[in-house]
Structures are given as structure tokens and as C-alpha cells.
Amino acid sequence: MADLSLTHFVVLGALLFSLGLFCVVTRRNAIGILMGVELILNSANLNYVAFARYGHGAYDGQVFAIFVIMLAAAEAAIGLAIVLGIYQAFETIDVEATDRLRR
Amino acid sequence: MSITVVVFYLLAAITVLSALGVAFSTSIIYSAFALMGTLLGVAALFVLLGADFLGTVQLLVYVGGILVLTLFAVMLTHRVADMRVSNRAVGRGVGFVLVACVFGWMVHVARHAAWVTGEPGAPAPTTYGIGQVLLTQYALPFELASVVLLAALIGAVVVSRKEVKA
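From first to last, the protein sequence lines stand for chains A and B.
Counting from 1, one number per residue, gives the positions in the first sequence under the working numbering.
Counting from 1001, one number per residue, gives the positions in the second sequence under the working numbering.
I should point out that these hints are in silico values taken from the structure, not numbers from a laboratory.
Quick caveat: nothing in here was measured; it's all calculated off a predicted structure.
Beta carbons are placed, not taken as given, at the ideal position from N, Cα and C, and that holds for glycine.
Each hint should be verified, as a subset may be incorrect.
Now the in silico label distances, taken between C-beta atoms and shown as ranges [as the list claims (entries may be wrong)]:
hint: 1; chain 1: B; residue 1: 1155; chain 2: A; residue 2: 3; range: 24 to 34 Å
hint: 2; chain 1: B; residue 1: 1092; chain 2: A; residue 2: 75; range: 23 to 33 Å
hint: 3; chain 1: A; residue 1: 68; chain 2: B; residue 2: 1013; range: 16 to 26 Å
hint: 4; chain 1: A; residue 1: 85; chain 2: B; residue 2: 1114; range: 40 to 50 Å
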């Protein structure tokens, strides 16, 4: 691991985060937005584990990554249930079509 | 250039190319399958970072659970095939500029911040240590996590079931 620095992993995490953010701001499909959120959570996990590896050798970073994965599972279950509810009510999951409260 | 660096760049290429597929694919099905590549690449990067237990958890929970759930949702909301990618509120151009600014700023921070780094030791099995920490130092968050998961489980059932007339 001598040639591989922390910066490599942090830049890779930044790239994943940027792609996830792009996915979130440009998608109209609700499931696509949830996929972008998954990308963002993965980039955060990558940073946690990289800092745990290059920091002081404690398990704190990995434990936080486990909690993030747990929250991602809960978020996916609730988010997709809401998407299915939106589909039953509106017959579409286009997030721009579900603006009934704004009118 | 050692073998570790080559493996890192290979895994990074797989991860980033799949993430590009997730972000730019016009079909939501292709996005879901590209997401699988990204999740597998991140799991392999966890193993490269010496986090063997976390790599396994990533494989089981993300690839085995969340991705299958996402695919189910894609299949159940069937008319998604005709969705358009661009968004009227934030178009692709504006989104690209925004994301480029954020990415440039983060790379600047990553290159110039004075991270406190130690020299990583040889990879060792982490399962024992994580189990110890989870049941001593992080016992309360661990129990709270179980409550959160139970609430999410019940909430998902309540939200997605059909209305029952009493």
C-alpha cells in the first residue's frame, strides 16, 4: 500500500459523489433519484473506510460505514414503498408530474 | 508501479464507468444494472482497503438486497421506459456546471488539506474487532439501529399496502 495514498481514494470518492449529485439533480424518474442517493452514500462509505485505513488503525470508520449501509437499506425500503404509492396514485413516477399540492 | 496500484486503477475504472452509466443512461433498467457494477467495485475497493467484513456486508446488503429491491420497483412501475432524462427545473447544462464546480472544489480540498495520516499496517481480519467495538463502545447506536430498521420495516408495509376498508 506504499504507493497508494489517501488522496487516491478521496478523489475517487469525490468523483462518485459528483456523479451521484448529477443523477439527483437531473433525473425526473423517482427511482433514478434514489439511485443517485445510493451513489452518494457509497462515496461517503469509501471515504470512511479510507480514512479508517490511513488514520490511526481504529475501527471507528468501518463501524460508521456499517451504520451508513444500515440507513441506506432503511432508506431504500421506505423510498421505494413511497415510489410505489406515488405510482398507484398518479400512474407515473415522474417527479415533475406529482405537483398537485403546488396548484 | 506496484500490483496494488494497478488493481486500484482497475477497480476505480470499473466503479467510475459504471457510475457514469448510472448517471447518463437513458433507460432506468440500464441504470440499475450499471449500479450493480458500481456497488461491486466499491465492495472490491473495501477489500483492497483491508476492510474484509465491510466488503462482505456491502455485497450482501447492497447487491443482494437494495439492488434487487430497486429492480423490483423498476419492474412494478412499468411505464418508466418512456421517461425523459432531462429536467425542466435543472437542465443537463446547469447540472453539469454545478457538479463540475463541486467536484473541482472537492479535488482541491483532497489535494491540499493536511490530512493526518499514519502508515497503514498489513491487512488483518477485522471481524473480531468490529464485533468488540459494536457491543462495547457503539452498543447504544447498535440498538438504536435495530429500532430504526424495525420502524422502517413496519413503515414500508404500511405505506405500500392497499387501503383496507374496516
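Evaluation of the provided hints:
1. Between residue 1155 of chain B and residue 3 of chain A the beta carbons are some 47 Å apart, a value that contradicts the proposed interval 24 to 34 Å.
2. A C-beta distance of roughly 26 Å is found between residue 1092 of chain B and residue 75 of chain A, which places it inside the suggested range of 23 to 33 Å.
3. Between residue 68 of chain A and residue 1013 of chain B the Cβ separation comes to about 24 Å, which falls inside the hinted range of 16 to 26 Å.
4. With their beta carbons about 48 Å apart, residue 85 of chain A and residue 1114 of chain B fall inside the hinted range of 40 to 50 Å.
Consistency note: the structure conflicts with earlier hint 1 alone.
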